[in-house]
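Based on the provided sequences and hints, a complete structural model is requested.
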Amino acid sequence: MTENKLFERVWDGTAAMEEWTESVKGGATTSITDDIIAIHTTYFCGNTTVIRTNVGLVVIDTGNDATAHQMQAARRQWDDTPVHTVIYTHGHVDHTWGARLIDWEADEKGAPRPRVIAHRNVLRRFDRYDASHGLNSLTQRQQFGKSADYEYPTDHRCPDEVFDDHLSLTVGDVHMELFHGRGETDDATFVWLPDQRVVVSGDFVIWAFPNSGNPRKVQRFAPDWAQALRRMQELRPEVLIPGHGPVIFGETRTAQVLSDGAEALESLTRQTLELMNCGARLDEVLHTVQPPAELLAKPWLLPKYDDPEFVVRSIWHLYAGWFDGNPGNLKPALSSELACELASLAGGAAKLAARALELAETGHTRVAAQLVEFAADASQDDPAIQAARARVLDSCIANEQSLIGKAIFAVYQREAKAKAEG
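Residue numbers 0 to 421, in numbering that gives the first Met the number 0, belong to the letters of the sequence shown in order.
No lab work stands behind these hints: they were computed from the structure. One thing to keep in mind: the hints can contain errors.
No farther apart than 30 angstroms at their CA atoms in a straight line, the calculated lysine-lysine pairs in the BS3-like style are these [what the hints assert, rightly or not]:
#1 Lys-303 - Lys-4
#2 Lys-418 - Lys-216
#3 Lys-416 - Lys-303
#4 Lys-330 - Lys-216
#5 Lys-405 - Lys-418
#6 Lys-4 - Lys-24
#7 Lys-416 - Lys-405
#8 Lys-216 - Lys-416
#9 Lys-216 - Lys-108
#10 Lys-303 - Lys-145
#11 Lys-145 - Lys-405
#12 Lys-303 - Lys-216
#13 Lys-24 - Lys-216
#14 Lys-418 - Lys-24
#15 Lys-216 - Lys-145
#16 Lys-24 - Lys-405
#17 Lys-216 - Lys-405
#18 Lys-416 - Lys-145
#19 Lys-4 - Lys-108
#20 Lys-303 - Lys-405
Rendered as structure tokens:
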């Protein structure tokens, strides 16, 4: 009853997702049917779904290196039957790392290791992770405040079976349908259990504005994401188990969440393409396209993680490549050379920094951030300019709603503060 009351407050926006996260810390389960549960540990780690069959358990997503043990304990408390099949909804580490733990569990019991099923592109993702290991480690440290010695996992549990667009799968007495779609990733899968009318969406639904524009990650696919949500909506599920956040019950509510997410992405895509087709530059597109305000107010679409403006950039890149339409950016000057020229015109780097502070104090943080970066590039070893830079970036953090934006600004704010203090 308490859990239901908390969900209702999350649903109507009177409770923040942080309150729900606190309630599931350490591992909590939501009962879907007598034979299906969802396991949660924190909002930032993907949910796990466990399905009981007459030949063993099916586990959809497995947790990351910090939470998989909690997921395992909650699963085994519910049913200690060996795991027969693992399904990845995509290849991100918070959905795949725990498969290794399930393998080790099988080894300890003397049971066969489970088969792992995923979309074919998960294999390509793991190859890319290995090729860019240093970058992935750095990005994770910065975005999630990891320690300086954090290393991105490399010992991937690769899928044993892969599929392309659709896989009809029966495990024991349970039938399910796996559908591929591009969204946050190009390897995404959602799982449909037709007999139970349950959809396991993976990160197509995350209780936040779709994470389709992360500046530090590879290409994401807003229009395809919308198509996948519409495809789920057509199935008319009665239960939606999201990639992150609480389970949604009832056909009306699941339809609303799926439709709202699709409509938001469709609107951004439509607006962006209309401007692109008229020859607009990226600069104009970014400052013109706006998501529907009524959708941004929905508790399941709050832009608390990704930013709709970042999504617009991703849509541009999907259709137009990296060139932004400004010939000055086609083969740009070294940023420090341009900064020195601008500082000379302004009367010195200190004047650029001073003006940046004035702008930041009046809420013009976009221009302030660009000016202070010019000042810092023109006079990289000046502690006073670095101190001004740190203050400007503080203002940027305060004015930024998305966690991703705050995290990126914070990386350079810490850098500036350290330089200012010598």
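Now for the hints, and whether the structure bears them out:
Simply put, Lys-303 and Lys-4 have alpha-carbon atoms about 23 angstroms apart, close enough for the 30 angstroms limit, and the pair holds. About 27 angstroms separates the Cα atoms of Lys-418 and Lys-216, which keeps this hinted pair within 30 angstroms; it holds. Simply put, Lys-416 and Lys-303 have alpha-carbon atoms about 26 angstroms apart, close enough for the 30 angstroms limit, and the pair holds. Of the supplied pair hints, the one linking Lys-330 and Lys-216 holds, its CA atoms being roughly 23 angstroms apart against a limit of 30 angstroms.
Simply put, Lys-405 and Lys-418 have alpha-carbon atoms about 20 angstroms apart, close enough for the 30 angstroms limit, and the pair holds. About 18 angstroms separates the Cα atoms of Lys-4 and Lys-24, which keeps this hinted pair within 30 angstroms; it holds. For the suggested pair Lys-416 and Lys-405, the alpha carbons sit about 16 angstroms apart, so the restraint of at most 30 angstroms is met. Only pairs whose Cα atoms come within 30 angstroms are accepted, and Lys-216 paired with Lys-416 is accepted, the gap being roughly 26 angstroms.
A C-alpha spacing of about 39 angstroms is found between Lys-216 and Lys-108, which places the hinted pair above 30 angstroms, so the restraint is violated. Straight-line distance between C-alpha atoms of Lys-303 and Lys-145 comes to about 20 angstroms, which keeps the hinted pair within the 30 angstroms bound. Between the alpha carbons of Lys-145 and Lys-405 the distance comes to roughly 15 angstroms, so the proposed pair stays at or under 30 angstroms and holds. Annotation: proposed proximity of Lys-303 to Lys-216 holds, straight-line Cα distance about 17 angstroms (limit 30 angstroms).
As the CA atoms of Lys-24 and Lys-216 are separated by approximately 27 angstroms, the hinted pair is consistent with the 30 angstroms bound. Under the criterion of a C-alpha separation no larger than 30 angstroms, the hint pairing Lys-418 with Lys-24 is inconsistent with the structure, at around 37 angstroms. Simply put, Lys-216 and Lys-145 have alpha-carbon atoms about 17 angstroms apart, close enough for the 30 angstroms limit, and the pair holds. Using a Cα cut-off of 30 angstroms, the hinted pair Lys-24 and Lys-405 holds, with the two alpha carbons roughly 24 angstroms apart.
In summary, the hint linking Lys-216 to Lys-405 is supported, as the alpha carbons are separated by about 16 angstroms, within the 30 angstroms threshold. Only pairs whose Cα atoms come within 30 angstroms are accepted, and Lys-416 paired with Lys-145 is accepted, the gap being roughly 19 angstroms. Among the hinted pairs, Lys-4 with Lys-108 is inconsistent with the structure: their alpha-carbon atoms are about 40 angstroms apart, more than 30 angstroms. At most 30 angstroms may separate the alpha-carbon atoms for a hinted pair to count; Lys-303 and Lys-405 meet this at roughly 10 angstroms.
Comparing the model with each earlier hint shows violations of hints 9, 14, 19; every other hint is respected.
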